[in-house]
Structure formats: structure tokens, C-alpha cells
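> Sequence:
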Amino acid sequence: MHRSRVSTLLIDVPRESRDDAVSFWAAALGVEASPVPDEEQFTSLPHAVPGLVTALQAVDDQPRYHLDFETDDVEAETRRFVGLGAVEVSRWLDCRTLRVPGGQLVCVIPVHSDPEEFRAHAHVWP
Numbered sequence: 001m002h003r004s005r006v007s008t009l010l011i012d013v014p015r016e017s018r019d020d021a022v023s024f025w026a027a028a029l030g031v032e033a034s035p036v037p038d039e040e041q042f043t044s045l046p047h048a049v050p051g052l053v054t055a056l057q058a059v060d061d062q063p064r065y066h067l068d069f070e071t072d073d074v075e076a077e078t079r080r081f082v083g084l085g086a087v088e089v090s091r092w093l094d095c096r097t098l099r100v101p102g103g104q105l106v107c108v109i110p111v112h113s114d115p116e117e118f119r120a121h122a123h124v125w126p
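In terms of the working numbering, the sequence shown opens at residue 1 and continues consecutively.
Between beta-carbon pairs, the in silico distance windows are:
(1) HIS112 / LEU29: 19 to 25 Å
(2) ASP94 / PRO37: 14 to 20 Å
(3) SER90 / HIS112: 17 to 23 Å
If you're looking for bench data, these hints aren't it; they were derived computationally from the structure. Positions of the beta carbon are idealized from the N, C-alpha and C atoms, including for glycine.
Take these sequences, add in the hints, and give me the full structure.
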């Protein structure tokens, strides 16, 4: 048994477009952007989407949106998604990136939210 939930909406932008994208999204969403300490590729857009961490991520790839699923068992959640038709495409630290049917990317990440919030909102999987 493990638990998971959608925790994060990431706006992926090409690295060279980051500054303009940060300015746009902060103004469009009415929030103040802030760098994420020790993770220079991320810029936080706090409170932009209630209930979700929202951030801009500078990538060496194409622009897109992707969701992070936080879980108390990354391996089990990855297996669950693969069983649903996803394909693992990469790993970074303890995170897994998968391409799901339809072509979107999702990441499976360890729990990073407040433990009480995670327990209150996560779905329990057999």
C-alpha cells in the first residue's frame, strides 16, 4: 500500500526564455516570483493555483506543462503508472519522469509537502 497525490504544476520553458517567462507568468497570475534556493532551474510562483505548488522550470527542451505526483513510495507509484501505460523516460535524484498516454510528461517525486497535508489529501493505493 502506498499513497500519492498531484502536488505540483510546473511550467517548463526553454532556459534562454526563463526571465521573460518568469515576468509574464508572475504578472499573468498576480503573484510575486521567487527563486528556489539551491535549485536554480526553478522559480516559485507561490499561491498561483490554490492547493498546488506552482513553479516555472528552466529546461533544455521544449516548452510544456507537467504535473508532479508526490508519493511515499516512488518505486510503487512508478510501477502503478507504468501499469497504466506510462513509459519511464528518465531519472533525476529520487524522481522519475514518465511519458503518459497522450504524450504528456509527469514526474513521480518523494513527498515534499507538509506531512499532515499529504496524509489529508493523498489517495491510498493497494
